[in-house]
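Sequence lines, in order, name chains A and B. If you read the first sequence in this note's numbering, its first letter stands for residue 2, the second for the next number, and so on. If you read the second sequence in this note's numbering, its first letter stands for residue 18, the second for the next number, and so on.
Simulated from the structure, these hints should not be mistaken for lab results. None of these values were measured; they are calculated from a predicted model. Even for Gly, the Cβ is constructed at its ideal location relative to N, Cα and C. Be aware that a few hints might be false.
[To be verified] Listed next, the in silico PhoX-like pairs over lysine-lysine satisfying Cα-Cα at most 25 Å (straight line):
#1 A:K378 / A:K424
#2 B:K250 / A:K19
#3 B:K302 / A:K80
[Stated by the list, open to error] Covered, in the sense of this in silico footprint (three residues per stretch, anywhere, with C-beta under 8 Å from a C-beta of chain B), are these stretches of chain A:
#4 80 to 91
#5 111 to 121
#6 177 to 187
#7 311 to 325
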Amino acid sequence: MQWETVIGLEIHAQLATKSKIFSGASTAYGAEPNTQACAVDLGLPGTLPVLNEQAVRFAVKFGLAIGAHIAPYSVFARKNYFYPDLPKGYQTSQFDKPIVGLGQLDIDVDGETKTIGVTRAHLEEDAGKSLHEDYHGMTGIDLNRAGTPLLEIVSEPDMRSAAEAVAYVKKLHTLVQYLDICDGNMQEGSFRCDVNVSVRPVGQEEFGTRAEIKNLNSFRFIEKAVAHEVERQIDVIESGGKVVQETRLYDANKDETRSMRSKEEANDYRYFPCPDLLPVEITSELLDEMRGSLPELPATKKQRFQQQYGLNEYDSEVLTTQRAMADYYEDAVNFSDGEAKLVANWVMGELSAGLNQNNVEIVNSPVSAERLGGLVKRIADKTISGKIAKQVLELMWNSNDFADAIIEREGLKQISDTGELEKMIDQLMAENTAQVEQYRAGKTKMMGFFVGQLMKQTQGKANPQELNKLLQSKLKE
Amino acid sequence: MYNKSLKELSASLRNKDVSSAELSQYFLDRIKHFDGELNSVITSNEEAALLAAQQADKLIASGDSGLLTGIPLLHKDIFCTQGLRTSCGSKMLDNFIAPYTATAVSKLEQAGAVMLGKTNMDEFAMGSSNETSFYGGVKNPWNLDTVPGGSSGGSAAAVAARLAPIASGTDTGGSIRQPAAFCGVTGIKPTYGRVSRYGMIAFASSLDQGGAMAKSAEDAAVMLQAMSGFDEKDSTSVDRPVDDLLANLGDSIKGLTVGLPKEFFTDDLDDDIREKIEEAVDTIKLAGANIKEISLPNINLSVPAYYVVAPAECSANLSRFDGVRFGHRCESPKDLEDLYKRSRGEGFGDEVKRRVMIGAYVLSAGYYDAYYKKAQQVRRLIQQDFVEAFKEVDVIASATAPSVAFTSGEKKGDPVSMYLSDIFTIGVNLAGLPGMSVPCGFVDNKPVGMQLIGNYFEEARLLNVAHQYQQLTDWHLAVPAGYEQEV
Chain A
2 MQWETVIGLE
12 IHAQLATKSK
22 IFSGASTAYG
32 AEPNTQACAV
42 DLGLPGTLPV
52 LNEQAVRFAV
62 KFGLAIGAHI
72 APYSVFARKN
82 YFYPDLPKGY
92 QTSQFDKPIV
102 GLGQLDIDVD
112 GETKTIGVTR
122 AHLEEDAGKS
132 LHEDYHGMTG
142 IDLNRAGTPL
152 LEIVSEPDMR
162 SAAEAVAYVK
172 KLHTLVQYLD
182 ICDGNMQEGS
192 FRCDVNVSVR
202 PVGQEEFGTR
212 AEIKNLNSFR
222 FIEKAVAHEV
232 ERQIDVIESG
242 GKVVQETRLY
252 DANKDETRSM
262 RSKEEANDYR
272 YFPCPDLLPV
282 EITSELLDEM
292 RGSLPELPAT
302 KKQRFQQQYG
312 LNEYDSEVLT
322 TQRAMADYYE
332 DAVNFSDGEA
342 KLVANWVMGE
352 LSAGLNQNNV
362 EIVNSPVSAE
372 RLGGLVKRIA
382 DKTISGKIAK
392 QVLELMWNSN
402 DFADAIIERE
412 GLKQISDTGE
422 LEKMIDQLMA
432 ENTAQVEQYR
442 AGKTKMMGFF
452 VGQLMKQTQG
462 KANPQELNKL
472 LQSKLKE
Chain B
18 MYNKSLKELS
28 ASLRNKDVSS
38 AELSQYFLDR
48 IKHFDGELNS
58 VITSNEEAAL
68 LAAQQADKLI
78 ASGDSGLLTG
88 IPLLHKDIFC
98 TQGLRTSCGS
108 KMLDNFIAPY
118 TATAVSKLEQ
128 AGAVMLGKTN
138 MDEFAMGSSN
148 ETSFYGGVKN
158 PWNLDTVPGG
168 SSGGSAAAVA
178 ARLAPIASGT
188 DTGGSIRQPA
198 AFCGVTGIKP
208 TYGRVSRYGM
218 IAFASSLDQG
228 GAMAKSAEDA
238 AVMLQAMSGF
248 DEKDSTSVDR
258 PVDDLLANLG
268 DSIKGLTVGL
278 PKEFFTDDLD
288 DDIREKIEEA
298 VDTIKLAGAN
308 IKEISLPNIN
318 LSVPAYYVVA
328 PAECSANLSR
338 FDGVRFGHRC
348 ESPKDLEDLY
358 KRSRGEGFGD
368 EVKRRVMIGA
378 YVLSAGYYDA
388 YYKKAQQVRR
398 LIQQDFVEAF
408 KEVDVIASAT
418 APSVAFTSGE
428 KKGDPVSMYL
438 SDIFTIGVNL
448 AGLPGMSVPC
458 GFVDNKPVGM
468 QLIGNYFEEA
478 RLLNVAHQYQ
488 QLTDWHLAVP
498 AGYEQEV
């Protein structure tokens, strides 16, 4: 039988506010355990939550960016369950009246665009962390994360393959960083995914029973976990069994999912409106302000890059995935006097390779956009060749010097003077008559020998196009 | 000294007839002498109080003092007090010392009041007789066989026995007004949102409201004035200026319309209490007010609606008491579930457990619509009834409680009859209105309280009516036998 995969996603994006959603404690990552948990975060009796307005603004910004309905009136609810890292015994979340309603996001897979529905997005507080290792049979509780603002973004079950799911997650990942509402750091848990997966025979309208896979903190894990889960569900059904609705945990080390709890064991969360918080009202003034604060969104930017810079779809996609990279690119193009294609190659090629190697974000690039632009300008006007430019970039990496200064100092200027090159070619041909004969006898591969020798002599500075042209005409004589 | 008003005490302090240290010691001595049998104060703050009193004396000497500077008071043990145990009347918090002070307490502290200690209360404010306290019941100074009411029974009994001039209370369904009535003191619960709930341990957050308990409306006004005001730490506190509660106390109530809801004068009300209320209404009429019968058609639904909403909120509010971070933790738990079950099982008393279970039930899947949602709808109807009523009248009057103080143990095994003792007070909390109780006579030598209900944020008018009534009567000045003596 042919099977179709159906995927829906829940993404928890940690909002990049300075303080927590209901208290003044810091949200900075990596502090000593329990040093960033105040009385409110600890759930001490008598303490009360006060909503962080910045979190609300971020949620509104997100909603506007996906063309969603922003609820003029949304309500916080208490989601009741006991767990040691949940200090109040309930999570303050939103339930039947979320702040962001139906919206959508376009993804591109295999050259085709598909629209994925976003059911809703709501604000909630994060729980703390339970640490099961190093406590000799006990559990350590770190409440630094408790109360960190999250935006839970729930998609429609619109995705039909792991590739689509990953494309959707990447799109959202890019978007929240563009909006400056989430740092997108998946290792630190700032952007987490739960994936709902089911399978059904191709052509069947009704959805199959789904399993929810939690704890997916990289794009690669999402892809692998979905692939594995689909295979598992098909196996279960084809061997006569039934998929049960359950929560499964992905184990990256073993590359498998395993059952956490089934629907029967699921909690009744007894949601009800939180009486400590007033309903959130979004005024039209705030909406206008947030609308005005929206940056150019990735999809628009990508299109503009294709039109304005004549880039192909792939290049414009890569360059606009990170807002910082897009900004860098545009700056560098300016400084290169408009060498859009060449700058794209250098940003995506040598620069990105260098940054990756050194594990540096583009915002902290040792070579500024201005300096890279200056370097590309010299390639474009043939002062140096691409090969020499790589050397120059390396020298720029460890200094604050501009390309021009380095080219001058190191004497790297390309030899394009035909007279000079001709003299060298004549001399080389005179010294290697045997090879000249071979070439003329039809062994055109000998060309490489002459180019190599001359490049060696000029330490790579010979203008390769000129050199080729001259060599060819001389050898044919 | 013990029966002096706050204004008189404040004048004595300013005139150096007495120092705050002496005044504080005087009431501390009365507590030591009388409270052995009453059990109204569960934590003494003697040492810190005397230091605070000395500070107050310095302020008074420098001329920089207000009406409350140097005045001793007691706080219901539901208000968190930094460095001094806050038990909420529960074994669960027998060891709990908050690292912060409730806003209402801070405000009184800033006004110069001196905290002598913390008063006994029903566990987590759940009860109408003070019998659910982990620290044992409180006795009513008017009759030691009877209860003081609850949940602010400790505060009411302490003010009645003149162990402190004033005391704080909280009122979720009548917890200031009913014990005030049972103990013959004046108590006011302001409009929801008027006094900050920050640092006040929550029972039912949408109903809880702190307030003042005192000998008279005037003293209650002084205390409430200091407690009130917007607090950015409590999102439900209301950002609006506090009226001057003292300025209009002396105004005539001539021409004011007082409404009597017919639903509050039915067979539920004891005849001799009805008589006392009618007498009190006559006095108010004598002062020039018009009396008008009104109807609150849905008010009979207030007890059932309340016993859905309040337990629902309490079931979540009390989840934080899990033995993990603070409060009672069972001995050597064998696993997480054991930790939860035994810590909560041992830490909470029966009434608390009952309400947590009711609350969890009414919120659970399949029952939410039938109970919680329906109760919220009823709540809006009740609120609407009051809104309509206040289009016709300025103040509503009724009995505070259907009976006088009942005998200890009488209703302990019968929760429904206990719940019905708040039948006249609960609607006020569901609507979020201000309400108070004023002493208006005795039945069998037990105090009777008249309830006055005002429109939103009309505390000043309520206190004005109560004060005018107290100008014409002296029920509020009566002191229970035995407690008139100096010690």
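Now the hints, each set against the structure:
1. A distance of roughly 29 Å separates the Cα atoms of K378 (chain A) and K424 (chain A); the hinted pair therefore is violated under the 25 Å criterion.
2. Distance check on the hinted pair: K250 (chain B) and K19 (chain A) sit about 18 Å apart at the alpha-carbon level, within 25 Å; holds.
3. Of the pairs offered as hints, the one joining K302 (chain B) and K80 (chain A) is violated, with about 52 Å between alpha carbons and a cut-off of 25 Å exceeded.
4. With 7 residues bearing a CB less than 8 Å from a CB of chain B, the segment 80 to 91 of chain A meets the requirement of three and the coverage assertion stands.
5. Counting residues of the segment 111 to 121 of chain A whose beta carbon lies closer than 8 Å to any beta carbon of chain B gives 0, which falls short of the minimum of three for the stated coverage.
6. Evaluation of the coverage hint for the segment 177 to 187 of chain A: breached, as 0 residues show C-beta separations to chain B shorter than 8 Å, against a requirement of three.
7. Counting residues of the segment 311 to 325 of chain A whose CB lies closer than 8 Å to any CB of chain B gives 0, which falls below the minimum of 3, so the coverage claim is violated.
Hint compliance for this structure: hints 1, 3, 5, 6 and 7 are broken, all remaining hints hold.
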